[in-house]
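Participant: Got chain A sorted already, so can you dock chain B onto it with the hints?
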Amino acid sequence: MTWRALWPLAALLLCLGLPWLPGLPSFWVTLGNYIGISSIVAIGLVVLTGVGGITSFGQASFLGFGAYTTAILTVQTGMSPWLTLPAALAVSAVAALLIGAITLRLSGHYLAVGTLAWSVSLYYTFANLDLFGRNDGISGIPPLSLEGLRLIDGRMYFSVIWIGVLLAALATANLLDSRAGRAIRALRGGAQAAASFGVNTPRARTLAFVHAAVLAAFAGWLYAHMQRSVNPTPFGLNAGIEYLLMAVVGGAAHIPGALLGAGLVTVVNNLLQDLLPKLIGTQGNFETIVFGAILVLTLQASPEGIWPHIARVRPRPHRVRPDAAPLAARVMPPRGAPLLSVRGLNRTFGGLVAVNDLCFTLTAGEIAGLIGPNGAGKTTTFNLLTGVDQPGGGSVEFLGHSLVGLRAPAIARLGIARSFQHVRLVPSMSVIENVVIGAHLRGRAGPLRGVLRLDRAEEAQLYAEAARQLVRVGLAAQADRPATSLALGQQRVVEIARALCLDPVLLLLDEPAAGLRHNEKAELAALLRRLRGEGVTILLVEHDMDFVMNLADRLVVMDFGTMLAEGTPETVRRDPAVIEAYLGSVA
Amino acid sequence: MDPTIIAILVQDGVVNGAIYALLALSLVLVFAVTRVIFIPQGEFVAYGALTYAALDAGQMPGSVWLLCGLGAAACAASLRAEWRRLSPRRLARLLAGTLALPAAVLLATRELAPLQPGVLVQALLALLIVTPMAPYLYRVAFRPLAQASVLVLLIAAVGVHLAMGGLGLVFFGPEGSRATGFSEDSLELGPLIVPGQSLWIVGLTVALMLGLYGFFEFTLYGKALRATAVNRLGARLVGIGTAQSGEIAFSLAGVIGALSGILIVPLTTVYYDTGFIIGLKGFTAAIIGGMASYPGAALAALGVGVLESFSSFWASAFKEVIVFTAIIPVLLWRSLRGGVVEDEE
Chain A
1 MTWRALWPLA
11 ALLLCLGLPW
21 LPGLPSFWVT
31 LGNYIGISSI
41 VAIGLVVLTG
51 VGGITSFGQA
61 SFLGFGAYTT
71 AILTVQTGMS
81 PWLTLPAALA
91 VSAVAALLIG
101 AITLRLSGHY
111 LAVGTLAWSV
121 SLYYTFANLD
131 LFGRNDGISG
141 IPPLSLEGLR
151 LIDGRMYFSV
161 IWIGVLLAAL
171 ATANLLDSRA
181 GRAIRALRGG
191 AQAAASFGVN
201 TPRARTLAFV
211 HAAVLAAFAG
221 WLYAHMQRSV
231 NPTPFGLNAG
241 IEYLLMAVVG
251 GAAHIPGALL
261 GAGLVTVVNN
271 LLQDLLPKLI
281 GTQGNFETIV
291 FGAILVLTLQ
301 ASPEGIWPHI
311 ARVRPRPHRV
321 RPDAAPLAAR
331 VMPPRGAPLL
341 SVRGLNRTFG
351 GLVAVNDLCF
361 TLTAGEIAGL
371 IGPNGAGKTT
381 TFNLLTGVDQ
391 PGGGSVEFLG
401 HSLVGLRAPA
411 IARLGIARSF
421 QHVRLVPSMS
431 VIENVVIGAH
441 LRGRAGPLRG
451 VLRLDRAEEA
461 QLYAEAARQL
471 VRVGLAAQAD
481 RPATSLALGQ
491 QRVVEIARAL
501 CLDPVLLLLD
511 EPAAGLRHNE
521 KAELAALLRR
531 LRGEGVTILL
541 VEHDMDFVMN
551 LADRLVVMDF
561 GTMLAEGTPE
571 TVRRDPAVIE
581 AYLGSVA
Chain B
1001 MDPTIIAILV
1011 QDGVVNGAIY
1021 ALLALSLVLV
1031 FAVTRVIFIP
1041 QGEFVAYGAL
1051 TYAALDAGQM
1061 PGSVWLLCGL
1071 GAAACAASLR
1081 AEWRRLSPRR
1091 LARLLAGTLA
1101 LPAAVLLATR
1111 ELAPLQPGVL
1121 VQALLALLIV
1131 TPMAPYLYRV
1141 AFRPLAQASV
1151 LVLLIAAVGV
1161 HLAMGGLGLV
1171 FFGPEGSRAT
1181 GFSEDSLELG
1191 PLIVPGQSLW
1201 IVGLTVALML
1211 GLYGFFEFTL
1221 YGKALRATAV
1231 NRLGARLVGI
1241 GTAQSGEIAF
1251 SLAGVIGALS
1261 GILIVPLTTV
1271 YYDTGFIIGL
1281 KGFTAAIIGG
1291 MASYPGAALA
1301 ALGVGVLESF
1311 SSFWASAFKE
1321 VIVFTAIIPV
1331 LLWRSLRGGV
1341 VEDEE
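Note that the protein sequences, when read in sequence, are chains A and B. Counted from 1, the first sequence has number 16 at position 16 by our numbering; the numbering is strictly sequential. Just remember that our numbering sits 1000 ahead of the position in the second sequence, which is counted from 1.
Bound-form chain A, shown alone (with noise of 0.2 Å):
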């Protein structure tokens, strides 16, 4: 037995012992108590927050409905709380998803002030309404019992909450570390980036959001039987402000920071109401004052917050399973058979014609180079083929299927896969993490398998595609690295391993040479070309012309958007009109 799979038992009978440990005065029991339920909802944020970047308010108001929601249930109908807990985790999924929808397709700012806006209007109605017990609350609720047990003692309470903080947690870190929670943290690299490789963005984001309205109504939950009243005042704004300070402070992007978090404001609060009235001597809302400036002068001292700075914070190695079964592949189509064709494409910016008319075809099991000047559409034309942007009129044909109208999860779907101009990398990844995104939609395991661990087989056939896509880009050595740490050439050649994993039938890439050194570039050319001979038809927008004439067997030569010439490297190479544009004329 290892050290990993014996901390959740450690942890376990931590939970059950600590609080009867003997002298420990029962406010520090207290105490622990109210920490552990804001650690719940802390670890909910680190989710939205820390690894979304979806910044909420309104947690408070989520604890709210989980809290009513047993309050009403086990006081008006005398159910029993524990059957409540699945009824006040629901209402609080179902309001997520409602307020979701509204709300985070928002972005950035936006997003966090609609969420103060809706928390504050939560809080008046729980405060207004009849159901609600109006300011007052509802009281008498019942406790939870265990065999006849009730569950009113601080120290048996104790156990309760951090038993369900521990399994918030696991629960959390198998959600991060599954296909789903894969996408949650993509976002972080671009939302453009995950979507060209399958992730439905807005589903990532809903998730997120879900997860932690969900972990808010569990705290809420545990809170209402802790308490055994409820009223509006621990829902509002300020205590959701509370809860996101908590998670920033701790260190937003971590688990264990949420509850550092929650443990330190909540006994630093506590510490400053009881100590400063005895140092100054008057009455006043001394606490405050001093809370605010430690939170200011902390985050100056450690922006990323506390954790990173107590434990040094890497992506783990992963063990990749060299026996796993290998993916199902693509049927590629016959060689030489049209695959996709360009009709008329047109994308206008305002008064700027970045692709005007243009025109081409690819067939299977070639390589085609895209060149011409700075500003001649390369990369807009790339964007209009992979879903990113959409054209104004034309045409696109690929396999019999239409792209024009599809978004870029589609396009994905289809076996296009594309590498990026400005590499977009999930900083906080390892290279093998950022690469495996590339492998999203040959995996099907949804978010609960992967908090439940039901999804250990097809991960492990994931991370093996990705190792040998590591292997086959000669990055292999690099693996565990955080991916921002590579040199920016290498940072590329993650991003064309990344596209491997979609087992892709059409390969785009934005110049992928550039940054290379000289004997990288000739490996790199050695492996399109071993793709090629596989089947993969490659389409590339480089500008090193002694790469791309080598390499490529046709150009397409675009200028002000259209397309200028086309033909084999030799014939563009002597085209009169290429000279003209790529040096000017004699004249």
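No wet-lab data here; the hints were simulated from the structure. Predicted model, so just to flag it, every value in this text is computed and none were measured. Some hints could be false.
[Claimed, not checked] Computed, partial: chain B to chain A, Cβ under 7 Å:
| id | residue |
| --- | --- |
| 1 | A1141 |
| 2 | A1148 |
| 3 | L1151 |
| 4 | I1155 |
| 5 | A1156 |
| 6 | L1162 |
| 7 | G1166 |
| 8 | I1287 |
| 9 | S1316 |
| 10 | A1317 |
| 11 | F1324 |
| 12 | L1331 |
| 13 | L1332 |
| 14 | W1333 |
[As the list claims (entries may be wrong)] Here are some, though not all, of the chain A residues that point toward chain B, as calculated from beta-carbon distances under 8 Å:
| id | residue |
| --- | --- |
| 15 | A90 |
| 16 | W118 |
| 17 | L245 |
| 18 | V268 |
| 19 | A293 |
| 20 | V296 |
| 21 | L299 |
Note that beta-carbon positions come from the ideal geometry of N, C-alpha and C, so glycine has one too.
Facilitator: Here is chain B on its own, set in the frame of chain A:
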């Protein structure tokens, strides 16, 4: 509901809306220039109101001492950040701005406060006491975090809000205050009696907005601020100090907040923590207006004010619910129209 009531409600709404509009403008300004969501805006409203009320009652406002303390803290923070490249001239300017200015304000207040020199002098003095706190706060709390994410800046703003709220209680006490208005006269428009104070509020709001427009459109500092808002790095490359832009933005926010407080304290009792909810409504307006457009935010603020006065007439318990829920259809419309989700940062 007869036309007179409607007219009264609209008038109420416009007056409140004018205040929200001012706050919305300064929130948009601070956010655009510094990326700080300025939660402590509400405290400036309360400080302005209560400082003015204290002066109006012939008392020495406690906030003067806070001004001196914050000035000293700002001086220390600036020395720490800049001591390597501090020329004698810059040092003199720093000391004058952070130590001499509060000292002068302190002396002036001590002389003038017992004399009760009249509403205009009192208002000016209150502005002088409260406004410099904003750039001091910027130096102490936000400038060291200039490179941090919007989320971290936001949490720092929460910290400042908490501290300022606590300090407000210390210096002004838990009791609410009211003060003499700028004008006791009123204007009769048919059945409607418009109090002079309301006219002052609307008039000053419009004047301030025109002034801001002129500032942004025609002065070099205004243009520098706009440049910083559009592209921080680009502004730095052409020699605009982003720290200086931040200070100007905060100063404007401080002036606007304090003035809003001075304007409302004759109409309603203000407590040390009244500002927060007023500030939140300014936020709502700023968000409805798009957090980027000044005229949009101002119009939205008028809408919020009118909606608030009508909902307090019809369903006063649900006033806040209605006002804050009003944001949701607007957000929905915006997201359906724009609908592009991009990453933070």
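Participant: The structure should be examined with respect to each hint, and the outcome stated for every one.
Facilitator: Evaluated hints:
Interface hint at A1141 (chain B): satisfied, since its Cβ lies 5 Å from the closest Cβ of chain A, which is below the 7 Å cut-off. Contact between A1148 (chain B) and chain A, as hinted, is supported at the beta carbon level, the nearest pair being about 4 Å apart and thus within 7 Å. Annotation: interface hint on L1151 (chain B) holds; nearest CB of chain A at approximately 5 Å, less than 7 Å. With 7 Å as the threshold, the beta carbon of I1155 (chain B) comes within range of chain A, its nearest partner Cβ sitting at about 5 Å, so the hint holds.
Of the supplied interface hints, the one on A1156 (chain B) holds, with its beta-carbon coming within about 5 Å of a beta-carbon of chain A, less than 7 Å. The interface hint given for L1162 (chain B) is met, as the beta carbon of that residue sits about 4 Å from the closest beta carbon of chain A, less than 7 Å. With its C-beta approaching chain A no nearer than about 4 Å, G1166 (chain B) sits inside the 7 Å limit, and its interface hint holds. Interface restraint check: I1287 (chain B) against chain A, minimum CB-CB distance 5 Å, threshold 7 Å, status holds.
The beta carbon of S1316 (chain B) comes no nearer than 10 Å to any beta carbon in chain A, farther than 7 Å, and the hint placing it at the interface is violated. With a least beta-carbon distance of about 5 Å to chain A, the hint placing A1317 (chain B) at the interface is held under the 7 Å criterion. Evaluation of the F1324 (chain B) hint against chain A yields a held restraint, the C-beta minimum of about 4 Å falling below 7 Å. For the restraint placing L1331 (chain B) at the interface with chain A, the shortest Cβ-Cβ distance is roughly 5 Å, inside the 7 Å limit, so the hint holds.
Hint on L1332 (chain B) holds. Least Cβ distance to chain A is approximately 5 Å, under the 7 Å limit. Among the interface hints, the one on W1333 (chain B) is violated; its C-beta lies about 10 Å from the nearest C-beta in chain A, farther than the 7 Å criterion. At a threshold of 8 Å, the smallest CB-CB gap from A90 (chain A) to chain B is about 23 Å, leaving the interface hint violated. Because the beta carbon of W118 (chain A) sits about 7 Å from the nearest beta carbon in chain B, less than 8 Å, this interface hint is met.
Annotation: interface hint on L245 (chain A) holds; nearest CB of chain B at approximately 6 Å, less than 8 Å. Because the smallest distance between the Cβ of V268 (chain A) and any Cβ of chain B comes to about 12 Å, over 8 Å, the interface hint for this residue is violated. Because the closest C-beta pair between A293 (chain A) and chain B is about 5 Å apart, less than 8 Å, the hint holds. Below 8 Å, beta-carbon pairs count as interface contacts, and V296 (chain A) has one with chain B at about 4 Å; its hint therefore holds.
Annotation: interface hint on L299 (chain A) holds; nearest CB of chain B at approximately 5 Å, less than 8 Å.
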